[in-house]
Amino acid sequence: MSPPHPVPPVSPLGRLVAATGNGITRVTDRALGPYQTAIIRIGFSATWLLFLLREFPHRRELYGPDGPWSWELAQRLIADNDAFTVLMWSDSMVWFEIVYAVAILSTFLLLLGWRTRAVSVLFMVGVLSLQNRSVFMGDGGDNVIHLMAIYLVFVRCAQVWSLDARRTRRVRERLKRDGRAQEDVVGPVLWCVLGFALLVSTFGGLIPGGLLGGWLTFFWGLWAVQGLWWVAGRIEADTKPRALLDIVGNLAHNAALVVIMAEACLIYAAAGWYKVQGSRWQDGTAAYYPFHLDYFSPWGTLSDLMSSSGTMIMLVTYGTVIVQVAFPFTLFNRRVKNVLLAVMMTEHAVIAVVLGLPFFSLAMIAADAVFLPTSFLKRLGGLVARARDRVVRRVPPGSDRRIPGPRAPGQPPLAQETQEKREKQKTQRTQRTQRTQENGATEQPHVGFTA
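For what it's worth, the working numbering labels the leading residue of the sequence shown as -11, then goes sequentially.
It should be emphasised that the hints constitute simulated quantities derived from the structure, not laboratory data.
Since the model is a prediction, treat every value here as computed from it, not as a measurement.
Take these hints with a grain of salt, some might be off.
[Claimed, not checked] SDA-like, lysine to any residue: derived pairs with alpha carbons at most 20 Å apart:
1. 325 x 370
2. 263 x 247
3. 228 x 247
4. 325 x 247
5. 325 x 261
6. 263 x 228
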């Protein structure tokens, strides 16, 4: 027997080519970070929804015709910076109320993950319209929401923890069981309605920019890509167009996810390095002054308590700078990154209470959530699912509702039947939770039309 041939060593160039090939396969084969994109979708939509609901009594003064920043001043500013807002289409109070109501509805639907591809566009339109109408309203967190609303249009943020994911799973189960599924009607109708509205606004000259640039090209491009996706999904003879579009969609998703992560790192890096240059941050007293400003002191006693200790002020000041400057560099070490992530989220929670900036803090916590580990998010989803199952007790209608009375011969006692029924429901809930987690971790995004 001849001795086995030795395996030739792999050259550095060969390892580089192999690593590059694996990387390309990974970013084109699937949409990365399904749980991370889902949590930022939920976080930013919940933050914006809470803000809209809290400011509902003051909406006309903040963004409407009754505000100090008049419609004429906003029109002059937008003529210079080419910002997008549908509130400049009319100064009517009725139009403002419609836009505000649509913004609330689209945000709520995005939170639930219903027809996410279309609703994310409406969410972006609502955010840009309100914020660009009155640019001086906000506390810093609105800038983060402003950017993330645009990025969410390009990510597949409904792969898990959404009504879209549940609908996709049910369609797949029905295909497996019956061999066919009901044709989706809501999605195409929704996109046709949006296309008609876009057509009317285009011919009305309401959207700035030409067909070769600007917001008009952006919106028509989104609509055309979605239509192309729907047409490719209708072609059953050839799967190559669908596979190609799926690769393009994965690339767009993964690129937008990288941009979101880079944006969060840039925010902390810029804030940290600007703080380093300040004299009050250098001598360790910067954290003292916000506690004694009336605008940032909703709880005067709590602010006085936290600012009464010089050691506490120094630790908070230097700790804030160190954490913000160091965070982008800790992404290369998972354990250190997770520790600093917990510290930053705790810091934002304290800012929300002590300084009275809840929506700024919620926006930053939602941005930080993109770095949360997948294992933690899966456990969090499991806890929420179990809590939901304990609170919501669904009683199947019809046959399971029985009137107490004499038992038939051979029928088990009522107590025994009730116990068996409870055990069966518990087993079904456990299997449903496990199936949801497995589907979210292993299933590929649906190829074809999704609203």
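Cross-check of the supplied hints:
For the given pair, residue 325 sits about 23 Å from residue 370 by alpha-carbon distance, which is inconsistent with the 20 Å threshold. Taking the CA atoms of residue 263 and residue 247, the gap is near 24 Å; set against the 20 Å cutoff, the hint is violated. With a C-alpha separation of about 29 Å, the suggested pair residue 228 and residue 247 falls outside the 20 Å cut-off, and the hint is violated. At most 20 Å may separate the alpha-carbon atoms for a hinted pair to count; residue 325 and residue 247 meet this at roughly 18 Å.
A C-alpha spacing of about 19 Å is found between residue 325 and residue 261, which places the hinted pair at or below 20 Å, so the restraint holds. Our distance criterion of 20 Å between C-alpha atoms is broken by residue 263 and residue 228, whose separation comes to about 53 Å.
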